[in-house]
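FYI, in my numbering the residues of the first sequence are 21 to 489.
Mixed in with the good hints, there may be bad ones.
Quick list of in silico lysine-lysine cross-link-like pairs, DSS-like style, CA-CA up to 25 angstroms [claimed, not checked]:
| # | residue 1 | residue 2 |
| --- | --- | --- |
| 1 | K395 | K120 |
| 2 | K476 | K349 |
| 3 | K29 | K145 |
| 4 | K105 | K206 |
| 5 | K266 | K150 |
| 6 | K123 | K395 |
| 7 | K179 | K29 |
| 8 | K284 | K270 |
| 9 | K193 | K95 |
| 10 | K395 | K332 |
| 11 | K300 | K284 |
| 12 | K412 | K487 |
| 13 | K123 | K353 |
| 14 | K349 | K487 |
| 15 | K412 | K489 |
| 16 | K395 | K487 |
| 17 | K332 | K476 |
| 18 | K267 | K132 |
Derived from the structure by calculation, the hints contain no laboratory data.
Just so it is clear, the structure is predicted and the values come from calculations on it, not from any experiment.
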Amino acid sequence: MQIYNTLSKKKEIFQPINPPVVTMYMCGPTVYNYFHIGNARSFIMADIVRRYLEFKGYQLKFVMNLTDIDDNIIKKSIEENKSTKELAEFYSNMFFEDLKNLKIKKADFYPKATDHVQEMIEVIKKLEEKGFVYVVDETVFYKVNNFENYGRLSGKNLKDLESGVRVEINEDKTNPLDFVLWKKAKENEPSWDSPWGKGRPGWHIECSAMSTKLLGESIDIHAGGIDLIFPHHENEIAQSEACFEKKFVKYWMHFGFLNFQNEKMSKSLGNFFTARDVLKRYNAEVIRLFFSQTYYGGPLNFSDELLESAKKGYEKILNLAIKIESELKIQNKSNVIPDFNLQKYYDDFSSVMDDDFNTPQAIAIIFNCIHDANKIIAGNQNIDVAFYVDLKKFLQVTAGGVLGLIHFDELMGNAKVSLENDLIQLLIKLRNSLKIEKNFLLADKIREDLNQLGIKLEDSKTGTTYKIK
RNA sequence: GGCGCUGUACCCAAGUGGCUUAAGGGGAAGGUCUGCAAAACCUUUAUUCGUCGGUUCGAAUCCGACCGGCGCCUCCA
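Whenever a hint applies, use it, and build me the whole structure from the sequences.
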């Protein structure tokens, strides 16, 4: 399989360092806020990458960090009159809740920056020994000029960068591009002891320290949003490779922005919707389908119209899934076993996903399969249950397991023992008697009233099914 | 100023030299089925890929110019 590598700006054959193990690190959130739907795009696409690699048989070691100390957290903790720890814990919990609701699989580790300060200090000490740092008033800076590959990831060279006017002027820096490894504590700020005095780590150092600790000095995949390429990931490379003298990351993956009205959705612009708000209106599967219909690396616009269209697409998958479940309940045995070669869809799915996770094509293949299956269902009566068993398996593995677009175990009416289900079944029976009596007026009223409650009845030759909107 | 991305039907979007006179989803129009709906099925909806040139036997795909849109260079997924 191939992965587009930001470092080479090319698709490269994927060869993990120690197969079948694959080490993957994803830059997680700074926990001072609910994350927005644009952040969710990165988390979901990384989740799909991870799931697909597992589908391919790799043993993933997947780490996502939590930045629980930084300027934003300190600022907000003062505003809200809480400790930084309290604040970070609250938003960490919210983060996990949102991930769960987006049906994102758990990482193997979620290291927190504040639990790894000692590891970070060790890295900085090594950098100091190797002559990559200078200290000004208890603040430690990384000397960018001493790292020869600086700028390679972002395709910049030091000269171009220096001519950039927007770099913050800091009199303590010898070069404006030098960045902070260790920051001297101000009054009343949370701080840790270090060889340079009381302070706290700079932003970039945590990823270098924690990824090394949990995954080793060289890892296979490092992922994050496209805006992290510079300076964050550039600086991570500078730190790690100067410190350990090994290639830090083999494949760099970056996720494109989610735009709103053609503009990057971002916290600073304020043009964002939190993932949890969007989840109130659209379920995880719809959101995941929406994201998967576009290549992960490019931009994507966010709007209700587009989500509505994804929702319709999701319902197409859902309708077939419901049909499958109802057939599996009936367990029809017959000699009508259609000639339906699912292997072709499996092969196509793998081959497009192998090509740098081409989820839009993968989805096209799933929809082709759904269409072909529906065609067979429409054209044959009395199909043997074996057909549905195989079809379910295909959808479960591809649309479900890899893309997270359908969850059979959560389908409504799936023999769930609940009062709600029993009541709906009762109304369906009642309505069917009315239909036999040709009392369509009342039958339609039941259907319409249930529809008002968000319960949609659908009649078919094999009976009446319902789904909840 | 530097670096980079992008422009495909009514909307979203894949395809990046011949398999494509261009996937898939949504929308729209007509039809089948149905008591009626819904779902599903069938048919139709880009000889064309921002514009203009060039390379090639052959281009949406390569090259050049031009015109739009966006991003990074500052915290951000």
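Status of the hints after comparison with the structure:
1. K395 - K120: violated (35 angstroms)
2. K476 - K349: Between K476 and K349 the Cα gap is close to 20 angstroms, so the pair holds against 25 angstroms.
3. K29 - K145: The given pair, whose Cα atoms are some 33 angstroms apart, is violated under the 25 angstroms limit.
4. K105 - K206: holds (17 angstroms)
5. K266 - K150: Status holds; Cα separation ~14 angstroms.
6. K123 - K395: Judged against 25 angstroms, a Cα distance of about 30 angstroms means the pair is violated.
7. K179 - K29: holds (21 angstroms)
8. K284 - K270: violated (28 angstroms)
9. K193 - K95: holds (24 angstroms)
10. K395 - K332: holds (19 angstroms)
11. K300 - K284: holds (22 angstroms)
12. K412 - K487: Answer holds: K412 to K487 is near 18 angstroms, not above 25 angstroms.
13. K123 - K353: Violated - the C-alpha atoms of K353 and K123 are around 35 angstroms apart, more than 25 angstroms.
14. K349 - K487: holds (16 angstroms)
15. K412 - K489: holds (22 angstroms)
16. K395 - K487: Holds, at roughly 22 angstroms.
17. K332 - K476: Holds - the C-alpha atoms of K476 and K332 are around 15 angstroms apart, at most 25 angstroms.
18. K267 - K132: holds (24 angstroms)
Checked against the numbered hints given earlier, the structure breaks hints 1, 3, 6, 8 and 13 and satisfies all the rest.
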